[in-house]
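**Q** One-letter residues, chain by chain:
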Amino acid sequence: MVAYIVRRSVMLIPILLLISLVSFAIIELPPGDWVTYQIENLRASGIELNEDEAERLVKMYGFDQPAWKRYVRWMRGILFKFNFGWSFQWGKTVNELLGERLPLTLVISISALIVSWIIAIPIGIYSATHQYSVLDYIFTFFGFLGLTIPTFLLAMVLAWYIFKLTEFAPLGLFSIEYMDEPMSMEKFIDMLKHLVLPLIIIGLNGTGALIRVMRGNLLDELKKQYVITARAKGVNEMQLLFKYPVRMSMNPVISTIGWILPGIFSGEVLVSLVLGLQTTGPLLLRAVLAQDMFLAGSIVMILSVLTVIGTLLSDILLAALDPRIRYSAAAAR
Amino acid sequence: MSDTGRGDLLLEVRNLQVHFYLFEGVVQAVNDVSFDVHRGRTLGIIGESGSGKSVSAQSVMGIVPSPPAKQLAGEIRLHRATPDGGIETVDLGRLDPRGQEYRDVRGGEIGMIFQEPMTSFSPLHTVGDQIGEAILLHIPDSTPQSARERTVDLLRRVGIPRPDRAVDAYPHELSGGMRQRAMIAMALSCDPALLIADEPTTALDVTIEAQILELIQELQDDLNMAIIYISHDLAVVGGVADEVMVMYLGLVMEHADAETIFDEPLHPYTRALWQSIPKIDGPLEQLVPISGNIPNPFAVHKGCPFYARCTERIQGVCDESPPPVLEPRQGHTVRCFLYADDVDLASNGATGD
Ligand SMILES: Nc1ncnc2c1ncn2[C@@H]1O[C@H](COP(=O)(O)OP(=O)(O)O)[C@@H](O)[C@H]1O
Ligand code: SF4
Ligand SMILES: [Mg+2]
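Chains as they are written, first to last, in my numbering: chain S, 1 to 333; chain E, 334 to 686.
What the hints contain is simulated information worked out from the structure, not anything from laboratory work. Any given hint could be a false lead.
[Said to hold, decoys possible] Only some residues are given here: those of chain E computed to face chain S with a beta carbon under 7 Å: (1) I396; (2) S399; (3) M445; (4) T452; (5) L457; (6) A467; (7) L470; (8) P473.
[Unchecked claim] One side of the interface only, derived from the structure: several residues of chain S facing chain E at Cβ under 10 Å: (9) Q131; (10) V134; (11) A169; (12) R231; (13) K233.
[Stated by the list, open to error] Below, computed lysine to aspartate or glutamate pairings styled on EDC-like, alpha-carbon distance capped at 20 Å: (14) K224/S - E237/S; (15) K81/S - E96/S; (16) K243/S - D501/E; (17) K403/E - D462/E; (18) K69/S - E28/S; (19) K59/S - E28/S; (20) K243/S - D462/E; (21) K193/S - E181/S; (22) K193/S - E167/S; (23) K81/S - D64/S; (24) K403/E - E167/S; (25) K164/S - E181/S; (26) K187/S - E96/S; (27) K223/S - E357/E; (28) K224/S - D462/E.
Using N, Cα and C, we set each Cβ at its ideal position, and we do this for glycine too.
Sequences and hints are given; from them, build the entire structure.
**A** In structure tokens form, the structure reads like this:
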């Protein structure tokens with residue numbers, strides 16, 4: 001098992017290198033660069049910028065040097081100083097920006113994830129064990145609804161309804177009256193109120209899909225011979241369900257961790273935009289729009305790295321839970 | 334259980350009827366099935382695929398998936414030994430299949446082995462865990478430790494090499510034959526009075542099949558177990574069974590002791606089956622497959638379900654009403670108009686074909 005983890009981790013190195021190159025290419029790809037863009041902006045707005053000053057800007061950001069030098073400089077910063085570079089647009093380091101946004105993003109994403117698992121897994125189990133029952137049909141209906149309605153639309157409609165009915169605007173993180181107040185109990189409660197809607201919306205978004213996955217997997221497993229064998233032993237139906245088929249049908253759910261992890265980091269871009277939440281999602285969007293290259297590249301890179309690590313994590317979890325995978329991993333060694 | 338002798342009645346199934354209610358229609362999987370099982374003896378059930386053999390066995394076990402299945406009629410009476418050496422009768426058909434009482438019978442009094450050794454075990458749990466589970470459930474006062482010891486003994490008993498290692502093996506680490514042995518160990522883990530074997534060797538190659546059959550018979554002699562042996566392989570059933578029941582589309586067509594049914598089959602379907610096996614001494618050309626296919630399982634038959642394929646059918650009789658169950662000889666029953674008295678035929682207004 002340890003050897004398996006080590007082997008898989010070593011295999012990550014070339015992938016991570018490739019990711020960093022691609023991310024850097026994204027930074028460099030757009031024609032022109034931020035400095036020329038700024039210089040032109042300044043000139044367009046009538047401010048005279050002499051050539052010296054322009055050159056100083058270019059030098060400062062290393063745009064006079066070959067691209068690979070800029071890449072090395074960027075990577076060195078990340079690897080040795082954990083410094084992702086400078087955001088031109090915000091006039092802050094990328095680290096600072098992410099530091100401001102990540103806590104909220106993580107709180108929302110992780111609670112939404114937990115919400116969706118807590119709702120979806122029991123419903124999936126119920127639907128599979130009560131296939132074609134009235135409740136199964138109802139869950140299926142809402143599951144499909146959740147799958148097909150775009151979340152940002154749901155966010156807009158619900159936010160509007162809540163405002164209409166309660167005069168409470170579930171936008172942003174705080175109500176205006178608390179905006180500049182120091183943290184207090186009232187402010188905290190106000191924040192929780194604002195978080196309910198995004199949690200429900202983002203949580204429900206994954207729920208529909210997860211119910212389908214769980215229900216489908218479990219239905220497949222319930223038909224398998226080993227379930228009948230266990231039943232033929234006289235095992236109590238509940239015990240049987242959780243010991244055998246439910247455990248088996250969790251495997252595909254666990255393998256989704258690979259793409260859940262980057263989702264947790266980026267948050268739900270559209271929902272955050274609609275509800276005015278300062279998560280990392282809108283940050284990435286604006287960075288891309290404004291050609292804020294180091295910020296955009298860094299976020300893209302972090303997302304990709306998280307995907308890769310998430311995949312590794314789910315593979316390790318699967319191997320820990322499923323002896324067949326462990327076995328083939330050992331055999332492949 | 335030592336008080337109960339070989340040949341004593343253990344299980345009576347009477348007029349069992351189980352239908353499946355599917356979107357596509359109703360499958361009359363089991364329509365009228367009756368049989369007795371005696372301690373220490375083997376009942377063989379033969380029939381082409383889809384004839385209701387497995388559903389009959391699953392009904393005895395109480396593991397027919399329901400819904401979609403529904404038991405419409407029938408009694409399943411088990412005459413089981415009580416701890417004080419007596420016999421008590423339970424009507425399994427009346428018990429809740431998920432209830433405690435039925436679960437005590439399942440895996441306790443009745444053990445079952447299945448066709449698919451590859452998928453019969455959960456891949457996520459060790460063989461020892463899965464066999465031990467049955468022991469913990471059914472053997473009073475057992476502990477994980479005693480269950481493990483008993484499992485190792487069982488694995489040794491069914492001929493698995495190095496049982497103390499195999500107990501911790503995962504199913505995928507064992508070969509198909511070894512897995513089927515482990516499956517037998519599981520079914521026998523609680524000294525069942527009845528072992529139901531549903532095509533246990535169909536998925537195995539011939540050498541392994543012979544070994545498994547030998548093992549089952551050896552165990553039967555040791556444990557005085559009754560066996561229901563299901564197969565579509567006539568040679569296999571001929572080798573193990575004391576009496577044989579031939580099924581077709583949910584009906585028992587013929588039932589007699591093994592020797593009689595192989596030497597003097599009465600039912601046209603049985604005869605057709607017998608002709609379809611290549612004779613060991615004869616040339617292979619003698620293989621005569623039964624003409625026609627098994628009819629659509631959703632079909633409802635007014636007369637004899639074998640009518641469409643029967644070479645001896647009596648037009649106007651066999652397709653008009655269901656054939657009666659007759660007993661032309663003591664202990665030899667057959668469901669066919671051919672053995673009815675002329676009086677019966679006449680009363681049906683029939684003429685010969
Ligand atoms: N779980 C099930 N769902 C629907 N139909 C079934 C099920 N099990 C058996 N049947 C149907 O019942 C009939 C008898 O099946 P079975 O007892 O398995 O036949 P056999 O074991 O003799 O091959 C078949 O037509 C089969 O399709
Ligand atoms: S009842 Fe008629 S059709 Fe059916 S097996 Fe007998 S002879 Fe053939
Ligand atoms: Mg079968």
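**Q** Given M445/E as an interface hint, is the shortest Cβ-Cβ distance to chain S below 7 Å?
**A** Cβ of M445/E sits 5 Å from chain S, so the hint holds.
**Q** Take the C-alpha atoms of K164/S and E181/S, compute the straight-line distance between them, and say whether it is at most 20 Å.
**A** Roughly 26 Å separates the two Cα atoms, so the pair is violated.
**Q** Take the C-alpha atoms of K224/S and D462/E, compute the straight-line distance between them, and say whether it is at most 20 Å.
**A** 19 Å, holds
**Q** Hey, does the P473/E contact hint survive, CB to chain S under 7 Å?
**A** 14 Å, violated
**Q** Taking 20 Å as the top limit, are the C-alpha atoms of K243/S and D501/E close enough?
**A** 18 Å, holds
**Q** Once the shortest beta carbon distance from A169/S to chain E is found, is it less than 10 Å?
**A** 49 Å, violated
**Q** Do the alpha carbons of K81/S and E96/S lie within 20 Å of each other, as the hint requires?
**A** Roughly 14 Å separates the two Cα atoms, so the pair holds.
**Q** Hint check: K224/S vs E237/S, CA-CA at most 20 Å. Holds or violated?
**A** The given pair, whose Cα atoms are some 15 Å apart, holds under the 20 Å limit.
**Q** With 7 Å as the cut and Cβ atoms as the points, is T452/E at the interface with chain S?
**A** 4 Å, holds
**Q** Compare the distance between the alpha carbons of K59/S and E28/S with 20 Å, and conclude whether the hinted pair is satisfied.
**A** With a Cα-Cα distance of about 16 Å, the restraint between K59/S and E28/S holds, given a limit of 20 Å.
**Q** Are the Cα atoms of K243/S and D462/E separated by 20 Å or less?
**A** 11 Å, holds
**Q** Regarding the pair K223/S and E357/E, is the alpha-carbon distance no greater than 20 Å?
**A** Measuring from Cα to Cα gives roughly 19 Å; hence the hint holds.
Of the hints listed earlier, those the structure fails to meet are numbers 2, 8, 10, 11, 17, 23, 24, 25 and 26, in rising order.
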